[in-house]
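Line order of the protein sequences matches chains A and D. The opening residue of the first sequence carries number 0 in numbering that gives the first Met the number 0; numbering runs sequentially from there. The opening residue of the second sequence carries number 0 in numbering that gives the first Met the number 0; numbering runs sequentially from there.
Chain D regions said to be covered by chain A (calculated; three or more residues, Cβ under 8 Å):
#1 17–31
#2 94–108
#3 141–155
#4 171–185
Rather than coming from a laboratory, the hints here were simulated on the basis of the structure. Beta carbons: idealized from backbone N, C-alpha and C, even for Gly.
Single-letter residue listing:
There are 2 protein chains.
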Amino acid sequence: MKHFSELTPSAERIVDVAEVLIQELGFNGFSFEDVARQVGIRKPSIHHHFATKVDLGVTVTQRYTHRFREALLHIEGRSGKAPERLSAYAELFENAYAQNRRLCICGMLGAESDSLADILNTEVKGFFQINLDWLSRVLAQGQADGTLAAHASHSAWPQTLLAAMEGAMLVGRGLQSGQGPRQVMARLLPALTPGS
Amino acid sequence: MKHFSELTPSAERIVDVAEVLIQELGFNGFSFEDVARQVGIRKPSIHHHFATKVDLGVTVTQRYTHRFREALLHIEGRSGKAPERLSAYAELFENAYAQNRRLCICGMLGAESDSLADILNTEVKGFFQINLDWLSRVLAQGQADGTLAAHASHSAWPQTLLAAMEGAMLVGRGLQSGQGPRQVMARLLPALTPGS
DNA sequence: GTCTATACTTGGATAGAC
DNA sequence: GTCTATCCAAGTATAGAC
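Please build the complete structure, drawing on both the sequences and the hints.
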């Protein structure tokens, strides 16, 4: 199992391609043949970099989670208040969705969960937990400094917001014309704002 | 292509099994072998009832959508106001989720959308549209009779609510311990209620 | 309506040369 | 690091007997 932080250039191209394929087709929906074609190498060459398909999936997910967490920390590092931070949060999902209605890697893998290797499910769980923790922090801060309503710190809000983001991409894709995470967050933000 | 309204007993057992398999494993995740084993027949016997896997998927989806619409009409036929109707709506999803965290058929197929036959995507689109139409109606009624806040008739609410339901199942499954659609709706209802 | 047998394809993975 | 060749399993689908 190769860790994303020590990827050779070839391995990185493979991970790049696999990431998009998982977002668009799912883990069960893409094949080494798909990856090979897009990277411009042959199928068995992939095994030189990733012993199994699960290994490749784990590396894709770890890198995705790592980058997502960096983006979350970057939002926190900026000077905005909770409402702006939640809007910026929605933009992270909107960025994926805006490209051919790609799903969140972990949203896709979460759907396929029952047919995936345990190690992949563990990665998905980690991604979601990072999201819930970050949302809890932002909601608590917003409630403390008055930029969010008192009920914003209710323990069910993080999961509700995360579900709304993941669901927005899912439904938008299913409708083939749907609005995305940005619009859904825009609808929910007033509900979290004081004096609504 | 066999329509769900004219299923023989054998075909019905096949559809029953396939429905659960799609909810748990997805369209790309289940095989005729899985269906055959659970029904207690052999793989090729399935082709006597459904020429192709896509045919089977279409029948499953049509029956699912039909039953779901009946349930929606049944909720509307009862005497509750908009808030109770929305809670009852969430229960439809909760019923699936409560059984081994099964997904909505169309949530699962929506995720797999890019790898599915057009005809299946059309069915998924239809299901979602039925949901949006029903939600629009309930929200408008609630806003008219004062049981919901004025902003409840905003055109983005139906998609937000549907996304939250689908996402709740997805995230709950990914977390392997999550709350489901019921809790998410319980969190959103106050935001739609007057005087919140 | 179900069976056995089988065809054909794809997919993940391995061996070994270059 | 990539290739060709190959293996094996699984998956969809068909033919034809019962």
